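Trainee: This is what each chain is made of:
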Amino acid sequence: MPETRQLSYGEAIYEATLQEMERDPSVFVYGLGVDDPKGHYGTTKDFHERFGPDRCFDTPLSEDTMTGLGVGAALMGMRPIHVHQRMDFLLLCMNQLINMAAKYHYVSAGQWSVPMVVRASIGRSWGQGPQHSQALQSMFAHVPGLKVVAPTTPYDAKGCFIEAIRDNNPVIFIEHRLLYANKGHVPEESYTVPFGKARVLKEGDDVTLVATTHMVVEALRAREQLKTIGIDAEVIDLVSLSPIDTETVSKSVNKTDALVVVDNGWENCGISAEVIAKVAELNPTNFPKFARMGFAPVTCPTTKVLENEFYPNSTSIAQKVNRLLNEDQGNSWNPVPMKATEIEAFKGPF
Amino acid sequence: MPETRQLSYGEAIYEATLQEMERDPSVFVYGLGVDDPKGHYGTTKDFHERFGPDRCFDTPLSEDTMTGLGVGAALMGMRPIHVHQRMDFLLLCMNQLINMAAKYHYVSAGQWSVPMVVRASIGRSWGQGPQHSQALQSMFAHVPGLKVVAPTTPYDAKGCFIEAIRDNNPVIFIEHRLLYANKGHVPEESYTVPFGKARVLKEGDDVTLVATTHMVVEALRAREQLKTIGIDAEVIDLVSLSPIDTETVSKSVNKTDALVVVDNGWENCGISAEVIAKVAELNPTNFPKFARMGFAPVTCPTTKVLENEFYPNSTSIAQKVNRLLNEDQGNSWNPVPMKATEIEAFKGPF
Amino acid sequence: MLTIRLVEEKVAVIYHTDAVKSPVHLSIGQEAPSVAVCAALEKNDMVIGTYRGHALYLAREGDLDAMVAELYGKSEGCGRGKAGSMHLGDKSIGMPHTSAIVATGMPNAIGVAFAQKFKKENAITACFIGDGAVDEGAVSESMNFAGLKKLPLLIIVENNQFAIHSPISTRMPRPNFVERAAAFNVAGASVMDNDLDSMLSTSQAAIDHVRSGQGPFLLEIATYRWKEHVGPGDDWALGYRTKEDASPWFENDPLKLCGERIAADRRLALESKVKEQITRAFDRAEKGTFPDPAEMWDNVYA
Amino acid sequence: MLTIRLVEEKVAVIYHTDAVKSPVHLSIGQEAPSVAVCAALEKNDMVIGTYRGHALYLAREGDLDAMVAELYGKSEGCGRGKAGSMHLGDKSIGMPHTSAIVATGMPNAIGVAFAQKFKKENAITACFIGDGAVDEGAVSESMNFAGLKKLPLLIIVENNQFAIHSPISTRMPRPNFVERAAAFNVAGASVMDNDLDSMLSTSQAAIDHVRSGQGPFLLEIATYRWKEHVGPGDDWALGYRTKEDASPWFENDPLKLCGERIAADRRLALESKVKEQITRAFDRAEKGTFPDPAEMWDNVYA
Ligand SMILES: Cc1ncc(C[n+]2csc(CCOP(=O)(O)OP(=O)(O)O)c2C)c(N)n1
Ligand SMILES: Cc1ncc(C[n+]2csc(CCOP(=O)(O)OP(=O)(O)O)c2C)c(N)n1
Ligand SMILES: [Mg+2]
Ligand SMILES: [Mg+2]
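Chains as they are written, first to last, in the working numbering: chain A, 1 to 350; chain B, 351 to 700; chain C, 701 to 1002; chain D, 1003 to 1304.
Derived from the structure by calculation, the hints contain no laboratory data. Do not rely on the hints blindly, as some may be mistaken.
To be verified - Label pairs and their computed distance ranges (CB to CB):
1) A:M338 with D:A1021: 46 to 56 Å
2) B:E553 with A:I229: 39 to 49 Å
3) B:N636 with D:S1094: 51 to 61 Å
4) D:S1171 with C:Q914: 55 to 65 Å
Claimed, not checked - Below, a sample of chain A positions facing chain B; criterion: calculated Cβ distance under 10 Å:
5) L97
6) V143
7) P144
8) I343
All of these numbers come straight from a predicted model, not from anything done at the bench. Glycine residues also receive a C-beta, built at the ideal position from the N, C-alpha and C atoms.
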């Protein structure tokens, strides 16, 4: 497959949606601003023109009920895609997602199902502060009946999105805002990426770096920094957060005997704790060196100087790995920082 | 201190509230049915008569706004106690709890605080099914700014509840319905039990059994079953779920070198994963044997035969411990089941 | 209607045997709204109910055996025991399994009605809620959206005057459901006389309004719950309402009045037929099989 | 009002320098509602605002220096940089730091008003929301509860006709805020003429109503946002509204008309004084200190 066709992450989601809407008339897209001039970073830009206002529509500010709308339409065999400008707004939808969407199939012993996709953008960057930056994947991963995916590459974005639409269950599809502009190879034809599979992005022998969503980008940079001191990191993009692909992680850890999990979210009862616990369960007698990282256990501050402290970055990841592998010398190593173009390039106002 | 004064768990909460309402006129209790003839299992039974309808009142069915009411009153220096008949209803309150209550103090750099208690009953037993049985502690423990406690003994219920009222932060106070009738020693005078401390309920040398809320009762029974085959379990009630007292657990594990965590909730991204990860972090080179248990990763079914499968019980806990400690013989041991009086005694309709 | 009453009375009688290990919210005394609305609905319409769902399930001609088996937690139940009394439903009668979280079926009804309109099915959705449910934000949001999109939605407020033990006066400053609906451009009407004929004719008119594309309609039907909020007993002793309050409701019991209109012999024949069906249903449920424990793992994902 | 306009214009001018690394929702063009309401409030009253909070903060006589410093993310800010433009507030002016989740300050306003009534403070709460916010279930729930308990609450709907790019017609089937409030027993009035005097007198009357214990009041004030939803630029090019639509709002700009009523020399003197204050505030903010990175750990728990 020639890897020449490059799309951005946002374009990949657009294309996935477009192809599915063309293929399946029961797919529709709705949510605040989906038909507005900006079309949610271009991912929904002209659907209302292409498919009409029944299949791409704006809504009143009523997140709870609008989630319920999707659930009800899904019960009727439609395939709703509900778009949220910020993941934080899902906190208004928890009842419909967890008490309703996640339960219909089970409680009816399989009579009904809820094939619905909930798109949630994590709003990091440009002073998003406490209520526009949260990454709540672990809350959803906690709940049986929901699936949770958070692809990082444009390739996975397209494949996972098509998979999410065709999946007969409610799927929380997590998009990091800093990824929208990322470019990568995306085949034109329709394809799916199955859930429950992690992706080894870079091979390495010395440490397994498992990361989620934007932290994958940081982990890849950390890998470069670690190279300069002779540490060869394997970088795994978890992609699917529920279910989690423990096998791929575990296989890697068996090789490297060291594990660092970097979640794009808080640690406490988070994905990072879960990966550690799962890997430990698979390796009961021979647990590797490990560490986990995530957002600082505080509310996200707005001002840049504090926000910089809040998020792990390639340097803090590389240092953590170094400390883990070379116990006594780690604290003094200050790698040359790497340019985080996607963070710097992002400017307000939005 | 003579341990003669016995109260039930429900009475302990009642007494704690009563003493605090008498002490501090800014404390008030509200929520669906708090002033009704049943007074939430008697825990709020006569407050509306004693303190008048301003300090104990029923509300319309509007959980989101009623949570916001507490937050706003707390901003004004009052100390609201919001009572929920089922923890599942908190899914309607997530926005106010997580986006608002947990954030005011931080975002204002300390100018405001939200001294609010949210009481949530876990509704297990008597066919509560998918939407009346959920135990969502790990979602709240995930969020900085919230505290989460789930006492098991009447003594801790009273002390933690007074502590919760006096705490200047939003506290999620989790009560298991099957505990209300449990009796135990409760001093008459007012006292507090500090958060962030686990409680060693029974000492033992062979395995550390860490449990939460009603699973503590099961763990204590499992301890009896394990005794019959010569296994001496130390039983720790976590009590405080955020923050978690890793030191106490870790100290115990250093002695027993085996850890079984039984959470009264789902495992994925749950308290059990967090305890494992935290203990492992504290013992990086010498990780003990371990296992975790929790609700089956499914929606809670209504019918008894399936519900019995859904929850860990003393026998399944004891078997798990035995398998962990005696690897090859564990599967065949079938201990004599113990009577779970609190489960059997509980009958409908409620 | 008779079936509903007799089934529930039977449930109330056998409840103490613990065959039904789950909360039951009986509709005794308030069967008529479900019966009237369902009589006016078409087969391809959809209904959304609540945890107090026995009446709706039966009025919608749900399978009696499957319902009783469900209460008994048996495999033959309409949710194979996973649902229980609070979550009755069946795809074949267009009734999604109900929610025990108050008012939360309402947004789903919006979605169902949206799909009906989208598919041009000429079908409508009838969503039942209680008088307490109306205060939930989801109901206002739903009325707003239904009004906005002129969805084929009929909202039935079964106004039994209480949410558990709370009277309307402690919940609504202005207890006028039709007026509240109007603020969202949802048409409305009330039937306050506990009369089955009024309910039937108003339901028919409301449904005609909805089906003809004129947009959503809120139909308030005053009714009365005879039994305690949850469970088989009476609750006059609790003191939140009195038997005197209830007496006009007993006297005007639609089932009783309806029965009086039928010739005695026909009525007796009917009663004995229904009783027979009910006895059979409870027998079958009793003899039914519990699901295999391994079934717990089924249906987590579709 | 002049201060607000000039501060925000300055923000718009300097925004491209990236000194403010955070979204700003400007009130340019819609300063008057905040100014009018705050003029009629007492010192011990409370105000609840939104992410579009510059105008309210300043109208409430919040410290200008602390606001600009907050936008710059400096320690001298009213949230020590943790808050930023979307979360302005200050205890000393009775303004809790605002929420960036639409409508979610409204339930908190209910609680604040509840506490005022409980404490018999003779104070009221003024809660500002947008026309888009009104559809959130929390607003209906809040109106219902405020009406029920006759809370001392003034709700101000700043109706600028858009929620981001969505006009009211795509959100409300019946765009009548006062009528919706009435369904919850909340009194109401609208000021549609963009006239400061009308706003002042109606605000005063509304506040009198609330303060005298007659219960909550919803005051709709029609206004217009001149700039894009978020950020310093114009957005006529997006096509969701036109400059022609806007022109009556420009012409009737309360600030302009107000200025014309003042003698030219006094106006100039005033302007130059305000500009001086603003220049000083931006200078100070520029020279202010960023919080120490360790401050990230502060204030997680009280
Ligand atoms: C969201 C939510 N809050 C509270 C409850 C507890 N609860 C169950 S039924 C009920 C009363 C509902 O009253 P109404 O809507 O009038 O229905 P009715 O029971 O009278 O049929 C309450 C408060 C619940 N199940 N869900
Ligand atoms: C709950 C929620 N949903 C969506 C958003 C995104 N959002 C921010 S402002 C806004 C429009 C709000 O409109 P309105 O209430 O009229 O206020 P305005 O911005 O016009 O002042 C939206 C949709 C949000 N911040 N919170
Ligand atoms: Mg009722
Ligand atoms: Mg607006």
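Trainee: Take the hints in turn and mark each one as holding or not.
Mentor: Hints, one by one, checked against the model:
With their beta carbons about 25 Å apart, M338 of chain A and A1021 of chain D fall outside the hinted range of 46 to 56 Å. At about 47 Å, the beta-carbon gap between E553 of chain B and I229 of chain A stays in the expected band of 39 to 49 Å. A C-beta distance of roughly 54 Å is found between N636 of chain B and S1094 of chain D, which places it inside the suggested range of 51 to 61 Å. The hinted window of 55 to 65 Å between S1171 of chain D and Q914 of chain C is violated, with their beta carbons roughly 19 Å apart.
Interface hint at L97 of chain A: satisfied, since its Cβ lies 8 Å from the closest Cβ of chain B, which is below the 10 Å cut-off. With its C-beta approaching chain B no nearer than about 7 Å, V143 of chain A sits inside the 10 Å limit, and its interface hint holds. Taken as an interface hint, P144 of chain A checks out: its beta carbon lies about 5 Å from the nearest beta carbon of chain B, inside 10 Å. Below 10 Å, beta-carbon pairs count as interface contacts, and I343 of chain A has none with chain B, the closest being about 22 Å; its hint is therefore violated.
Of the numbered hints stated above, those contradicted by the structure are hints 1, 4 and 8, listed in ascending order.
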